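Visitor: Letter by letter, the chains look like this.
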Amino acid sequence: MSAKQRVALTVNGVPFEEWVDPRLLLADFLRDNLDMVGVHVGCEHGVCGACTVLMNGESIRSCITLAVQADGAEIMTIEGLAAGDQLHPIQAAFRDEQALQCGFCTPGMLLRGYEVLRDNPHPTAMEVREGISGNLCRCTGYQSIIAAIMAAGEKMAAPPELRVPQPVEVGSTAEADDQHEG
Amino acid sequence: MDATTRRKWVGQSVGRLEDPRLITGRGGYIDDIRLPRMLHAAVVHSPFPHARVGRIDAEAARSVRGVVAVVTGPESLALIGTLPPGPMGSRTPYPAICTDKVRHIGEIVAAVAATDRYIAEDAAALIEVDYEPLDAVTDIASAIAPGAPLVQEAMGSNVVYDREWTFGDVEADFAGADRVVHDHLRWRRSSAQPIETPGAIVDFNPVSQEMTIWTNEKAWPQRQFELAELFKVASNKLHLVPVPAGGSFGSKDEMFKVVAIAGMLAKVVGRPVKYLEDRVENLLNADCDGPDREYEVELAVMNDGTIRSMRVFVADDYGAYFQRGTGHHGNLFAQLQGPYRITSCGYHLRCVLTNKNQQGAFRGFGAGEANWMLERMVDLAARELSMDPVEIRRRNFIGKDEFPFKSLTGNIYDSGDYEGVLDKALELSHYAEWREKQKQLRAEGRHIGVGIASCQLRSVFSPSENWIMNDDYMEKMKTGPSSSPESITLSVDVLGRLTATLYSYAFWGNSPETVVAQMVADEFDIKPDEVSVVYASPMGAMPGVGPGGSRLTVMLAGAVVGAAKKVREKALRVGAQMLGVGADEVEWADGAIRCIADHFRIKTLAEVSRTVRLHTHSLSTPPPGAPDREGFESGLEASFTYDHPYNRLPKPDRSDLGVFYPIMAHTCHIAVVEVDPETGGVSFLGYYAVQDSGTVVNPKSLEGMVIGGSVQGIGTALTEECVYTDDGQLLSASFQDYLLPTAMEAPPEIKVAFHETPSPFTAYGVKGGGESGRMAAPAVVPAAIEDALSPWGVRVREIPATPMRIRALIDAASGGPA
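Residue numbers (the numbering used here), protein chains in the order written: chain U, 27 to 208; chain V, 17 to 834.
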């Protein structure tokens, strides 16, 4: 076994320092060392995208990245997307559009959607489709996910005074019902 | 208050109660659970598809620091024996870890428990196994050839099951037919591949002999006793903790192996062990591949398009074991004739063993395959008669005034309006306009095709389905139940809040909490977000089965209505006492009990609940301990077990298969595709689905199921295939080779509409819908491709219709490269 190496990094704004085996994957490091279990592992070979996190602002596959590669990096996981009870607009849109069923691909899909909107605040449906084409969802058929990312984009592009963050609210008829056309 | 007449929440697109956890990374899946002293398992897979297993040397593995236990086949056999048999009994005994030989690539020959998964995998790689390779068979023809290597020697043949059923007078119908339409069809193997793989954590305390199992597998409410027998633990000392599943599509139903591996290691080490399949393991070895069928079919047809009869011969490549996958044939008999007035059918089934992963449940469980076969044949009949595919369907539909309809096999169709669904689909898709556009574009050299499929969606599973193929079922009562109840407890707490307890592991991507909250809200005239839903362990619990066979929403609806009635009645009785009026002088209104004569005199649910929980002395009911108190219990809760709404056993000679899937949903899909004849690529210009699932509880979530299921079915039709080489290696052992549809392959938009014919047999008139899309998409896509390629006159007989296969069809038709 090779000697452990030091990894110092920031995850969701909080600094961590750990000594790890050089072969430890970033996904396992985030899940097992730092308890960020919202980082999901679906395929372990970099195809499904469930393990997507942002490293220095860019989406990466944490299942094919070594923890030591993240030394000095800023990582954002699904645990860093909401602020307390204030959902990020993209999370609210996923809820409103029912852009998930089993929820397992959802953290990766949210982070990739976040990146797509950051890089292109007014994407077309085709741009969103292409943008998330590296993330597999086995439940939804993607339609509601694309609709949610588009809806979040519109909300985030609205003037600041209209950006009213919504608390988590379930079990009541979503206001978005009427606008849902797929 | 009668929810069937006054519905406020059932039928609304209520936001899902499940979602806040899932969108914040707090799903609580199996791999998120950490226990003190928990070990991690890794397994050794056979690199051979068929081989005798000789000496296993695990000494090097055992000496790795961090390794706590290694278990091989003989030890596994001593610890737990073979796994509990499926509905077809023990004709192909099924071990968690192989003993004498391996029967397909990736079968498990040893398991390791270590302090982390990395160390467990290191150790597994050090285990040396002597194999004596045997010839493998990987297709039906070579498996049934004389002298073929036997997958299961004890069977004496690779034909594990061969039987014919006859329904109606097939001979007479064929003799009287104007013509016989014949074809052979090939449905290739695919698999469910949920993004989360199956896993389990098992803890065992050797002193107290208690075992606790956490798993994302779903079948335990009804089969917990089998785990108790497997692990030799008292059934009332075997806790099973419900854990949500990150997708299943049937594949996490009744999967014993993962639990068995974690469980046997836990018994050896006396501490918690986690075993989670990785993706490659799931592709190699998950025991839940879909069907792998070769069909020969004849339709007896009249010149006016009437389909009289059908003769089906189907050979199904079951892989190495004949276990749970038998449901793939059992349940298609629920809808053998589809939505059509076919008067007879002969059905010959041959199940064949090969050196492949075995079959198991996969969304639609064989019925979608039968839909595909029937719709492919109806299209062929239309083509040979030069009829419009819409018209031939219309001519053969069972009429909407013919329900309840007794189908050929004996199964009942409860209600329906197939022509209404078809008309709505034609309207939704602008069918006539697409036909015009198709002509124009064809003139421009573009190959546009329109396909149509009208399919049954049998729903509300009854396990008497498993009696169909098995004559000696009564002898196997334990493995083969005939009942499938579902229970619920509704409890009102001191503050008037309602909690619903479900007795099955209900969540695998569906919306059990949401639909229960909607129904409870209607029953009590409150809001869904005032309802909480929790899941009970099956130990010491009420009967339940769980999701599967598009049953859960219907079954929970019945349970909610039954339990709510009891709670309301008690609340009204107590409320009337508190108000000092007779029980017939109060009514339920706005979630409270009020005087009919004076609407200002009200007792809230909280007041009543508080009284019956904490202050029964204040009631005129005799106080606790009084001799005449009989019949009064403190508290405000009630349970109800809802049995299958309509279930009759098959006749002993199987000439009538009984009623086992009578809640018959229906759907019409229309697909518009463009095929590039150069590449063989298929893209979608339009996709439309109209579904009758009876009363819709939550339109948005059902729409999501329809769309997602359709895209899964598109994968089945176009890209997904478990590809084995002739010598038994699996080529599709990663997501780079087993191709799930991405956002780019999915249609740009699937338009969905509902047409409701409420079931006369279920609460609220709800029918099932969870398997919907995948039971029709594989039928409609080849129809559209074939239509697009009509200039070449090709016939799409095989799915997945990969670009290579489409190119081969065009080449064959145009005399091009073979």
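Keep in mind the hints are simulated off the structure, nothing from the lab. Just so you know, these numbers come straight off a predicted model, no measurement behind them. From the three backbone atoms N, C-alpha and C, an ideal C-beta is built for every residue, glycine too. You may find that some hints are simply not true.
[Unchecked claim] If you anchor each label on the Cβ, the simulated ranges turn out as follows:
| # | chain 1 | residue 1 | chain 2 | residue 2 | range |
| --- | --- | --- | --- | --- | --- |
| 1 | U | G110 | V | T131 | 20 to 28 Å |
| 2 | V | R107 | U | E180 | 57 to 65 Å |
| 3 | U | G83 | V | G461 | 52 to 60 Å |
| 4 | U | A109 | V | A622 | 30 to 38 Å |
Visitor: Hint by hint, note whether the structure agrees.
Guide: Do the hints match the structure? See the list:
As the Cβ distance of G110(U) to T131(V) is approximately 36 Å, the hint placing it in 20 to 28 Å is violated. Evaluation of the 57 to 65 Å hint for R107(V) and E180(U) yields a pass: the beta carbon distance comes to about 59 Å. Hint check: G83(U) to G461(V), Cβ distance near 46 Å, so the stated range 52 to 60 Å is violated. Separated by about 34 Å at the C-beta atoms, A109(U) and A622(V) satisfy the suggested range of 30 to 38 Å.
Of the numbered hints given earlier, the model fails hints 1, 3; all others are met.
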